[in-house]
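Peer 1: Sequence:
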Amino acid sequence: MRKLAGAAVALIVAVAAACGDDPEPAPVRHPNPCKPPPLPGAASIDLVPAFGGATLARPVELVAGPGGRFYALEQSGRVRVLDDGGAAATPAYDVTARVTGTGEAGLLGIAFDPKFADNGFVYLYFTLNYTTPKPGFVFQDVLVRVQSKDGGLTFDPATEKVLLALDDPFDNGNGGRIVFGPDGFLYVGVGDGGSRGPTEAANNKNAQDTSSLFGKILRIDPSKGEPYAIPPGNPFANGGGRPEIWAYGLRNPWKFSFDRETGELWAGDVGERRAEEIDLIVPGGNYGWNVREGRSCFSDPSCPDAGFLDPVVEYARSEGISIVAGFVYRGAKVPSLAGKLLYGDFGNGNIWSADAGSAQGTLVKASGLQISSFAEGPDGELFVLDYGSGAVSAIVPAAAAPAPVAPASTSLAATGCLDQAAAISYDVASPLWSDDADKQRWLFVADGESITVGDDGDFDVPPGSTAVKTFSFGGKKVETRLFARYEDGTWAGWSYEWSDDQKDAVLLEGAKTKPLADGKTWTFPSPSDCLRCHTQAAGFTLGLEARQVEPRPFTPYLAAPIDKARFPTFARDDGRAYLHANCSGCHRPGASAGAATMDLRFDRSVAEMNVCNQDARAGFGGSADPNLKLVTPGAPERSILFARMVGSEEETRMPPIGRTIPDPSGTLAVSNWIQSLGGGCP
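Heads up: the sequence shown begins at 1 in this note's numbering, then just goes up one per residue.
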């Protein structure tokens, strides 16, 4: 149907042109000559829908439970019961009225007591709102126990008992994973208490402070004591620190798991701005935060080695933004993964495997998902949660044995993607700011396929299509980027650096900086950097939407005409349009902006944007000035959103990648919008 609709649109345009209604020649569709590089590596796994195709709302955890059921946690506060038929209509438990399930807060952890069949005990970890605000804190991180009296179908609220409560000063970096180990004790991951940014993170010493429970993995015995007992063998059981501590020096141990064969404990520690890491957790181990981040110095330039344990696997933040530790695979369906640790990244959706002794993972799937968690079934088979779509997928072998991937030519000319005559050349009304680079944009659409336009105006570009953008300064091309959608629906980005003679450009393997003649420094993004802004929540492409483009050049490729009355073109000096184009890829529900809860899409009301007179969740350079709001009506100079736009400091500027100098026209447009709110928040 999509192919026929596209042909019909093209025919209507052609007839109109023949009748003299259009003084210009009608756009003509051309075959697609563009062949981007193959995806890195050949996928050795596939992801298939699980649990009857059940869809959840922002799922963050999934565990196997009693009766062959699985239990999923929705961040907003619901425990959902899953089986092969899908998700039960009624939650097993619901704390939505007591948590703020946004950013990195909410319902985060669940564990069933090893003796559940006898006692019905279930443990939950969530961020509990105060009934009366407590100065200096945002909520409590709580570990509670509840009891099920019907075999796990529901949990009785009347039985809820708080075992641990920590007053948390910030709402990011909360940890939340809770797991019973093979020793029968409960392991609890606690973040370092958070911060408003890297400057303040450098001053947060909780993770190195053994008198604090923040920035630790704890080990307790909830079957004894009041409210729990300290197991024998805990490193500080006899003094020198809090007796609950099992390991420390962690920023945000978001996910960890035990190898069901060896008993080894593997954790993923989410980084601040330099590194993501996988750690092998040992009793009393100090993993370095916040003196180090990964193997690099963080808060102390001299970076003393006080017995810190190095990560087993580490990758730079340019390659991912939020590591998600999975499990050592002990299932039977994918023999090639036997004994290997699987882990992923929330930002780019990559899934890697790593041998116990390996310092680097092997890419097994570029999923494009917002991976929030992995899960393990009783048989050792694994699942993946997609935070963005809410889908649960089972990991299975690739449908066919992966064919060897031929080495890609490093020549841009060899891809065919420079043939603009065969592409849709277009401009956008409100462009992304890229340090004042001149840009050319064109799009190749898969042969025989059409572009559809969603209810929000976003273009859905079919698999086999490639968007191209060239960046130039003073008439000299510096970089060309390809952003391609592959046949399996996966998106990937590629950067090419132009030669000095301007005859061709060469494919880059990763991020790179290059000094320019005018004194600027140009940054070439890594493939993972592309997916930091081109998010799943934003539909991956950013400029390809009805409000941004004039429809004429797209006409032969559209499944249906664009309704410009519904989607009028952005005004270039519109501050809201600028925020939509430059910021909303990350700052919208389901995207990758961490603790931030702003929604900067153009079609949101000012109230729905969550910025007007709102306190910052991630702050500005560590500032706790109560006079600074995200947007202070009528006062750009007291608005954190504006300060991030005009700032040049790496740790606080926005957007965080793609620019080093402010955009004068963009900042003026946003300043004018903030001033227009001088009468107060609508």
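Among the clues, some could well be false.
[Unchecked claim] Quick list of in silico lysine-lysine cross-link-like pairs, PhoX-like style, CA-CA up to 25 Å:
(1) Lys149 <-> Lys134
(2) Lys439 <-> Lys476
(3) Lys520 <-> Lys439
(4) Lys469 <-> Lys35
(5) Lys477 <-> Lys512
(6) Lys205 <-> Lys149
(7) Lys115 <-> Lys161
(8) Lys149 <-> Lys35
(9) Lys161 <-> Lys205
(10) Lys205 <-> Lys115
(11) Lys35 <-> Lys520
(12) Lys520 <-> Lys477
(13) Lys439 <-> Lys503
(14) Lys512 <-> Lys35
It is worth saying that the hints were derived from the structure and are not from the lab.
In this text the structure is predicted, and so the values were computed from the model without any measurement.
Peer 1: Quick check: which numbered hints come out false for this structure?
Peer 2: The structure breaks hints 1, 6, 8, 9, 10, 11; every other hint is satisfied.
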